[in-house]
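*Asks:* The residues making up each chain are set out below.
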Amino acid sequence: MRIIVTASQAPFFHGGGERHVENLCSALRQQGHDVALLRMPFKFSPAADIERLMAFCDGYDLAAPNGREVDRVISLQFPGWGMRHPRHVAWLMHQHRAAYELFDVNDATPEFARLRERIVEYDTRALSAATHRFANSQRVAARLRQYNGLQATALYHPPPDHEALRCEESWDYVFFPSRLEGLKRQDLLIEAARHMRSSTKVLIGGEGPHHERYQRMIERHGLTDRVKLIGRFSDAERIALFGHALAVVFPAFDEDLGYVPLEAMYAAKPVVTCSDSGGPLEFVVHGQTGEVVEPSPAALAEAIDRLAADPGRAREMGRAGREHILSMRLSWQRVVATLCA
Amino acid sequence: MPGFGIRREAASEEPPPIPEPDGGHARAWSPARQTGIREALADAWSDRTTPDLLPFLVADGDGFVALAFLRFVGRLPDPGGRSHYLGLLQQGRPRLEVLAEIGASAEAVLYQGKPKWPFWLDLMLRAMRMPFSLARRGGRAVLRRLEGRLARRARNSPQGLVWRLATAVDDRNRIRDRDMDAVARDFKSHGDAVTQRLGAVDERLAAADQRLAKHEASQAAANARFAVLERDHPAVHANSARSDQPPGVVRADPDPLTRYYLTLEAAFRGDPARIRQQLETDYLALLVEAREEIGDGPCIDLGCGRGEWLEVLRENGFAARGVDLNPYMAADAHARGNDVTVADAVSFLRTIEDDSVLAISAFHLAEHLEFATLYELIGECRRALKPGGRLILETPNPENIWVATHTFHHDPSHRNPLTPASLEFLVNHHGLETIAVLRLHPYPEDARLPGQDPASERLNGMTCGPQDFAVVARKTPLA
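Each protein sequence line maps, in turn, to chains C and W.
Under my numbering, the first residue of the first sequence carries the number 1, and numbering increases by one thereafter.
Under my numbering, the first residue of the second sequence carries the number 1, and numbering increases by one thereafter.
Some hints could be false.
What the hints assert, rightly or not - Part of the chain W face toward chain C, derived, beta carbon under 10 Å:
{"hint": "1", "residue": "131"}
{"hint": "2", "residue": "135"}
{"hint": "3", "residue": "165"}
To be verified - Label pairs and their in silico Cβ distance ranges:
{"hint": "4", "chain 1": "W", "residue 1": "93", "chain 2": "C", "residue 2": "10", "range": "27 to 37 Å"}
{"hint": "5", "chain 1": "W", "residue 1": "83", "chain 2": "C", "residue 2": "10", "range": "48 to 58 Å"}
{"hint": "6", "chain 1": "C", "residue 1": "197", "chain 2": "W", "residue 2": "144", "range": "49 to 59 Å"}
By construction, these hints were calculated from the structure, which means they are not laboratory data.
C-beta atoms are modelled at their ideal positions from N, C-alpha and C, and glycine is treated no differently.
When you get a sec, could you build the whole thing from the sequences and use the hints?
*Replies:* What follows is the structure in structure tokens.
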């Protein structure tokens with residue numbers, strides 16, 4: 001099949017989103033498809049430029065660009081799904097979150113508030129015209145139902161390089177890898193370290209705009225002996241970091257999907273996440289494969305202390321998590337088969 | 001033990017690797033790899049006056065010796081030193097004692113001065129140096145116990161954990177094997193991507209071929225046009241044929257604008273022989289007179305073009321130099337045996353000595369210049385002229401309304417028409433006195449309206465009058 005994949009691209013952003021787009025394309029190619037990737041240059045502001053991009057995509061005909069007939073278009077992000085094709089499959093990574101669940105009417109400029117209405121209208125119109133609608137997770141599907149009144153089927157995919165992850169002897173630390181930014185809520189975990197009674201350490205992986213803030217926070221609370229921002233890590237280190245962790249903590253706010261809990265489960269580690277973390281709640285079963293707690297430092301600290309006090313239970317939860325994730329049989333092959341059906 | 005010296009084999013096989021200068025030796029303790037968490041650690045453990053003991057307690061034996069050497073002598077251990085200190089550790093010597101030994105070595109003291117130990121460690125080390133083996137043995141036992149406790153704490157500190165995680169990665173060959181598997185997988189999965197990319201490269205090459213063909217076609221057309229130009233305008237040919245070109249004439253291929261300008265000049269300017277004739281008629285007598293008045297001297301023609309005036313001067317025994325900004329014009333003039341420089345008039349004049357020139361002429365140059373440049377140019381002329389020396393400036397005459405409104409604008413490099421009054425004023429302003437303001441080159445008789453009535457007279461005066469004028473002036477002679 002000749003397939004066009006559309007996605008957005010905020011220049012110089014390197015996150016899970018970028019890798020996800022690439023992974024889909026290589027999975028499609030692996031299954032023998034001819035793939036072209038269209039990436040729309042995306043900026044979060046000004047509103048006028050978002051509008052311009054939306055207008056550009058709206059109805060842009062991809063049926064047979066330059067006489068080359070295209071069999072299918074798969075769109076992952078706003079606003080690519082507004083482009084026109086008779087077999088247009090939407091597989092939502094997320095919508096433009098600032099216009100949806102992150103929209104705060106008290107915070108928004110009047111200009112963005114107006115734009116927001118147009119985005120919702122655009123998404124509703126474009127996505128209701130799609131041949132099939134899939135979402136990265138039930139959470140993403142639920143938002144689509146809530147805001148746009150449209151149904152979508154959750155279509156899961158495995159996190160990158162999950163085959164390499166494995167369980168090693170637990171050392172006395174919990175691990176939280178993510179971009180250092182507000183929505184990931186590293187601050188909850190740093191604060192939690194103040195409440196923890198166990199000697200368990202906290203290793204926070206990744207880089208991001210909040211690095212300074214978090215580092216200052218650690219120093220201010222005198223937690224340098226407890227909490228460490230370890231920055232970037234290599235692929236091999238990732239395996240060791242997951243492998244030796246007592247547990248993996250992922251308190252991010254309303255994630256679309258969240259690779260980290262999945263990775264933790266492949267590494268047979270219990271996951272501590274929060275009741276408002278979104279996507280992870282579809283995988284983590286409280287008390288069986290991890291702990292789902294209130295988004296508060298004290299609650300996180302308690303959960304970590306519980307696991308630290310009973311390493312056997314932690315191991316057992318980890319094992320259950322691995323079994324659970326393996327039973328879901330996440331694979332790109334299945335994703336490709338579903339999207340191309 | 002004979003003194004505290006860093007042991008080195010007399011003839012070590014290889015010089016030890018030199019630690020990287022930028023990161024300092026603290027960073028180089030992980031010589032094998034540089035990764036994010038290693039860097040984070042290096043920051044935490046960067047050298048301080050008081051050595052942070054933690055890394056020395058967490059590392060394995062090999063790592064300990066490497067770290068200690070990097071920390072205290074700034075290099076990796078040589079094989080002899082390495083096995084010596086590893087041997088001490090194997091005999092159960094406390095790490096802190098070995099560390100102190102390395103830190104107190106002559107090389108270490110030379111490298112960074114005497115290390116400052118925490119006072120409790122210092123105390124113990126002193127105790128162990130006392131000449132009783134009992135004290136030494138007891139000291140060592142205490143130190144070992146203490147060290148064990150510290151090491152446990154260090155291993156479970158965040159830094160220690162990260163250090164162990166990082167080294168755990170190093171130790172595991174199977175992880176490397178797995179990485180190799182991943183590489184192999186990647187190879188396979190990228191196979192068709194590569195094929196596809198090759199296809200794209202092919203397409204791009206084809207497109208480039210097409211562009212090249214198009215470019216060659218337009219080049220051929222340009223060459224054809226240039227051939228026509230060469231035929232009508234031998235200067236270009238002379239330029240490329242002669243080897244003794246005047247300075248600055250090096251370009252073989254004029255840019256499109258220059259090329260256009262040459263064509264335009266050829267089309268609008270008259271036949272060189274006629275121009276020569278005209279110049280001779282208009283100005284030669286003036287220069288002969290000047291020579292008789294103040295004696296011989298060099299003449300300079302600014303914007304000399306193809307050098308018609310220079311030839312007139314030389315034929316009449318004047319030493320004549322020309323300057324022109326256009327290298328093709330200059331080449332042409334040079335080819336005819338004239339002394340020509342490629343330069344702008346002002347900077348050329350700056351190279352001329354004060355009070356040294358008999359006459360300076362500029363035919364149809366002033367109207368090309370920005371006023372500030374013209375202003376400066378006149379000043380330079382005055383400076384260069386001998387007292388009594390002549391300045392001749394000819395330019396289109398806007399008193400003729402055809403000239404002012406029409407023919408002046410044939411030349412896109414013309415800026416502004418100058419009026420006789422204003423040019424004379426400018427020249428006088430620079431201290432040159434007017435000899436004459438010549439009105440030259442009226443339309444031929446047959447272009448005039450017939451009739452002698454005042455209306456015809458006036459119209460003829462406005463439209464068929466002199467097309468050029470010249471201000472002839474001289475620098476005030478010495479009294």
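*Asks:* So, for every hint listed, does it hold in this structure?
*Replies:* Hint by hint, here is what the structure shows:
1. The beta carbon of residue 131 (chain W) is not positioned within 10 Å of any beta carbon in chain C (closest approach about 40 Å), and the interface hint is therefore violated.
2. Of the supplied interface hints, the one on residue 135 (chain W) is violated, with its beta-carbon coming no nearer than about 34 Å to a beta-carbon of chain C, more than 10 Å.
3. Given the 10 Å rule on beta carbons, the hint for residue 165 (chain W) holds: about 5 Å separates it from the nearest Cβ of chain C.
4. Remark: the range hint 27 to 37 Å for residue 93 (chain W) to residue 10 (chain C) is contradicted by a beta-carbon distance near 57 Å.
5. Between residue 83 (chain W) and residue 10 (chain C) the Cβ separation comes to about 55 Å, which falls inside the hinted range of 48 to 58 Å.
6. About 31 Å separates the C-beta atoms of residue 197 (chain C) and residue 144 (chain W), a value inconsistent with the hinted range of 49 to 59 Å.
Of the hints listed earlier, those the structure fails to meet are numbers 1, 2, 4 and 6, in rising order.
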